[in-house]
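Enquirer: Take each chain as given, in its own frame, and dock them per the hints.
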Amino acid sequence: MAIERLTGEHSMLFVRSEQLFDLARRHSLWYLSFGIACCAIEGLMSTSGPRFDFDRMGVFPRSSPRQVDVMIVAGTVNKKMAETVKRLYDQMPEPKWVIAMGSCASTGGPFREYPNVVLGVDKIVPVDVYVPGCPPRPESVQYAFIQLQKKIAKRTEERLAARNG
Amino acid sequence: MNGGSEETLATGVLGEGRHDPGTPPAGLRRAPAGVDGLTTEHLIINMGPQHPSTHGVLRVLVEVDGEEVVAAEVSVGYLHRGIEKLAEYRRYDAVGTLLDRGDYISGMMAELAFALATEQLMDVEVPRKAHWLRSLASEINRITSHLIWYGTFGLDAGGMGQFLYGMRDREALLDILEALSGSRMMFNYIRPGGVLADMPTGLDAKIRAFLGTFDQYLDEHDQLLGGNEIFQARVKGVGVIDRSTALAFGLTGSNLRGAGVDFDVRKARPYAAYPELDFEVPLGTNGDAWDRYNVRMAEMRQSARMIGQLIDGMPEGPHMAKVPRIIRPRAGEVYASVESTRGETGIHLVSDGTEHPYRMHYRGPSLFAAQALEEILPGHLIADVVVIIGSTDVMLGEIDR
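Protein sequences, first through last, are from chains A and B. In terms of this note's numbering, the first sequence is residues 1 to 165. In terms of this note's numbering, the second sequence is residues 1 to 401.
Bear in mind the hints are in silico, worked out from the structure with no lab data behind them. Please read these numbers as outputs of a predicted model, since none were measured by experiment. It cannot be assumed that every hint is accurate.
[Claimed, not checked] Straight-line distance between alpha carbons at most 25 Å, and here's what the computed DMTMM-like set of lysine to aspartate or glutamate pairs gives:
(1) K79(A) to E73(B)
(2) K80(A) to D278(B)
(3) K79(A) to E84(B)
(4) K154(A) to E88(B)
(5) K79(A) to D53(A)
(6) K151(A) to D53(A)
(7) K206(B) to D53(A)
(8) K96(A) to E157(A)
(9) K206(B) to E113(A)
(10) K85(B) to E113(A)
(11) K322(B) to E73(B)
(12) K80(A) to D123(B)
(13) K86(A) to E73(B)
(14) K79(A) to E88(B)
(15) K129(B) to D278(B)
(16) K80(A) to E67(B)
(17) K85(B) to E83(A)
[Stated by the list, open to error] Covered stretches of chain B, going by a simulated chain A footprint (3 or more residues, C-beta under 8 Å):
(18) 298-312
(19) 373-383
Quick reminder that beta carbons are idealized off the backbone N, C-alpha and C, glycines included.
For reference, chain B alone in the conformation it holds in the complex (with noise of 0.2 Å):
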């Protein structure tokens, strides 16, 4: 043992001496360190890319302080397969596959914001039909996005029984998007110039009958794991992203309006159709797990009124726009966003007049609240990185592209 290696054990290899044992970061609830004066030897923990609570293959190294996280490196790749890069040899029309991919539990959001920027290209006019319908599938997806969040986030809590309840719901979402667009997961719907397909004929009235009895289930939702005691400690003031921090770290969505900030997309660069529409963004106060689970309960609710009002007034007239067969935009470089189920997800586009995007920027505001992790995690008992990671709903198809 020389001194080097003496070092390391007082603190720590990924810690880099950044934690002071004295002065616990704010939020820390307990934790008596050093009661004793005795220095433990650090453990470094790796979590993932296999572990069940990472929501795919995110691995993070936690590094302990007997049960008191110190430091947290995360480290992401696993899932790279090239989307950037592949898009720029597929045609314009195509890429949504590719997109629907990226972020794969909510690929409408993505496909739009590609169709959006693409368009911003085209001379062409988006029919008001398309736009309405842009909206309900993404409504639609969007509760099927947070009903999976739902689910997987009470399982990182320890419980299972709202896991199977969300997954009955969102079985009945799914229907409702696979008779919209022919998939169950990857649409491929919405491309440039409109929508693939129309309403087929009594899907407003199946639409109709699931949000007669949402409004209910969506209360027993949030009585089953919000109601819950236990559930309540394990996330009330725990994972806090102050204003501060989530604005330094550039996170978007509810992780983002969890912390108070009022921002959304929908509201702030109105498109598709919500600007017509009525709707509120709910904001949080505190930035905890508590909050930002509040928060996306709401938003389901949010949700599911926009549905209503877009089922309600969905105008007549063609779901798609006059596009050639094959898209050639003008040459040019456009970036355009959608508020996606975890933030803003915006495309930025290049394109050259080829039938090919000459280069594709995908936004995916999962990697910023992955980056925020590092900073959050530390300062925690270990139970509690699970809570964290599913509070943040990362997504690793959209951080590692």
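So that you can see chain A by itself, here it is in the shape it has in the complex (with noise of 0.2 Å):
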């Protein structure tokens, strides 16, 4: 990003309008309040409550699917569930993002031998981080967070890179 510091009592900022609003993206991360299982009550109550307090990084729960930027998928999907997961997805308006929480997101979890559950999220909306833990910890959500950020910064360098050269 380029930051000029012009003389005086003024200082301007040179940026595309993609930097910016990438800039803000990455402060304002909403995410649907939408728990499956055991992992929404650390991922989506804990993290919102006065301890861990996720506020703090613009991250803040919506209800609808048409206000968010991330999608946390909080618990085990089955079979009669993907389908709503998938349509929440197809709601959400890019660009968005996915972290699977949890084992059971990932990969299944301890419920993987049961055939009436899908093997990890990916199978059905794109990842994009996936936390390890059953249930993790909300400090593993918070550095969830933390890397999608990276993520999101990552992406709009190589797209302006990909414009320029």
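Expert: In structure tokens:
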């Protein structure tokens, strides 16, 4: 990002619009308040509670898929649920990211031997960050959001590099 | 438009003519039905599985006539992951990991029910200290679960502050549970034969420090949510589950006690350290959402009282009986139940003498509450639906298993 500081009392920011939007995006990652199972308590409720308080990172729950950037898949996805998860992902506006929280969403977890369970949500929707744990601690989810912010920053640079050269 | 669809317009698809607009059911406060003699088209609203107020993945099809709910259909199975079947392939000391993920905000109770069932088929005498630690873990877990219910029930009614205060106290209790069992939520602490580990040094002082402030905090919680006039208007007289309905649907726990039925497994079939503890079973009178709220708040007070007694009278001795590394109970069929946060959680266990259970049935009390929703939702306004679902405190991991 090219910041040119001019002399005097005014300073200017020379930046491409994508860079500015992505800067805003990665500091206001709103997630879908969509808890499936146990991970929802740790990943969606404890995180918005007073101890972990994701609000300070700009991470905030919204109830409608039309208003969110991130979907945290928090729990076991079974075959009856898979259709809904896919539909919710389709309803989210671009650009959108998915965090597979916990063993169940990553691989099927302790229930992977059961035929009704989808072996990882990446069979249905593309996943950006996997969080290990059963359930992961809220700190892990915080780390996942930091990784996602890095991923968005990298994406901006790649897009600009592709255009320039 | 043929005759069939006209009939659908008048009676609806889900209702099948069960609801007569002329005679509103008991508990209906308003809804001037048919003032102008016009019949409006019924509308079916799909609520869930993604809905912030269904506490998981409950799906409710609500048929409305204007603002009034005419019929409701509860659809479950969005979290079915085969806990009962997978238990047939786990060893006895590992089944607890599955049951933790059943009722996932009060995992200790289901573990305890399974341990009690297994011990009936084993020749083992559980040490006295293990009984007390089991009760201690259960009661701490009951408060954490009720605090989650307290926070989310307020969210359903439109408040936000009580959620933050409830989560603050819950985090303090989760620290205690983590020190006790090693995990914040998925404990696998109560095993057949006793408990996994003794209390770490200094934990009793930590629990006492928590109890020193908790009664005052609980009064604050009660003031914050229950003292709110808007909240009272939302819950008083709403979602009445009367005595006969509660008994007919097999409800247990706070939903049953809110209707005034004095049934608590801790008193009716005492287990663990409960015969030696002094506690009361709070009861409601009308069975509306306000009664269920008050019963749960009073239960938290009783749990805090019991935790104090358990810390003061904690016996010395081993925390685990001598059990073989691979548990092979004798063949037989037993049922054991505990009073979990939501009611009677029972484990029906069939053993064939091998190292895996032959069959395990997990009786979750939330399933019965979810079935009763179909009976109690009709007649209310659509805005009351989330409050009623919140007041029954259903847990989807336990319904779908």
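Enquirer: With reference to the structure, classify each hint as holding or not holding.
Expert: Here's how the hints hold up against the structure:
Straight-line distance between C-alpha atoms of K79(A) and E73(B) comes to about 21 Å, which keeps the hinted pair within the 25 Å bound. For the hint linking K80(A) to D278(B), the alpha-carbon distance of about 46 Å lies beyond 25 Å, and the restraint is violated. Restraint check for K79(A) and E84(B): the C-alpha separation of about 18 Å stays at or below 25 Å, so the hint holds. Pair hint K154(A) plus E88(B) does not hold up; C-alpha atoms about 47 Å apart against a cutoff of 25 Å.
At most 25 Å may separate the alpha-carbon atoms for a hinted pair to count; K79(A) and D53(A) exceed this at roughly 33 Å. This hinted pair checks out: K151(A) and D53(A) have alpha carbons roughly 22 Å apart, not beyond 25 Å. Only pairs whose Cα atoms come within 25 Å are accepted, and K206(B) paired with D53(A) is accepted, the gap being roughly 24 Å. Taking the CA atoms of K96(A) and E157(A), the gap is about 17 Å. The hint holds against a cut of 25 Å.
At most 25 Å may separate the alpha-carbon atoms for a hinted pair to count; K206(B) and E113(A) exceed this at roughly 41 Å. This hinted pair checks out: K85(B) and E113(A) have alpha carbons roughly 10 Å apart, not beyond 25 Å. About 49 Å separates the Cα atoms of K322(B) and E73(B), which puts this hinted pair outside 25 Å; it is violated. The straight-line distance between the Cα atoms of K80(A) and D123(B) is roughly 43 Å, outside the 25 Å bound, and the hint therefore fails.
Simply put, K86(A) and E73(B) have alpha-carbon atoms about 24 Å apart, close enough for the 25 Å limit, and the pair holds. Of the supplied pair hints, the one linking K79(A) and E88(B) holds, its CA atoms being roughly 22 Å apart against a limit of 25 Å. Only pairs whose Cα atoms come within 25 Å are accepted, and K129(B) paired with D278(B) is accepted, the gap being roughly 18 Å. In summary, the hint linking K80(A) to E67(B) is not supported, as the alpha carbons are separated by about 30 Å, beyond the 25 Å threshold.
With a CA separation close to 24 Å, the supplied pair K85(B) and E83(A) stays within the 25 Å bound. Restraint check on the stretch 298-312 of chain B versus chain A: 0 residues with Cβ-Cβ distances below 8 Å, three needed, restraint violated. Residues of the stretch 373-383 of chain B with a Cβ under 8 Å from some Cβ of chain A number 0, which does not satisfy the need for three, so the listed coverage is violated.
Checked against the numbered hints above, the structure breaks hints 2, 4, 5, 9, 11, 12, 16, 18 and 19 and satisfies the rest.
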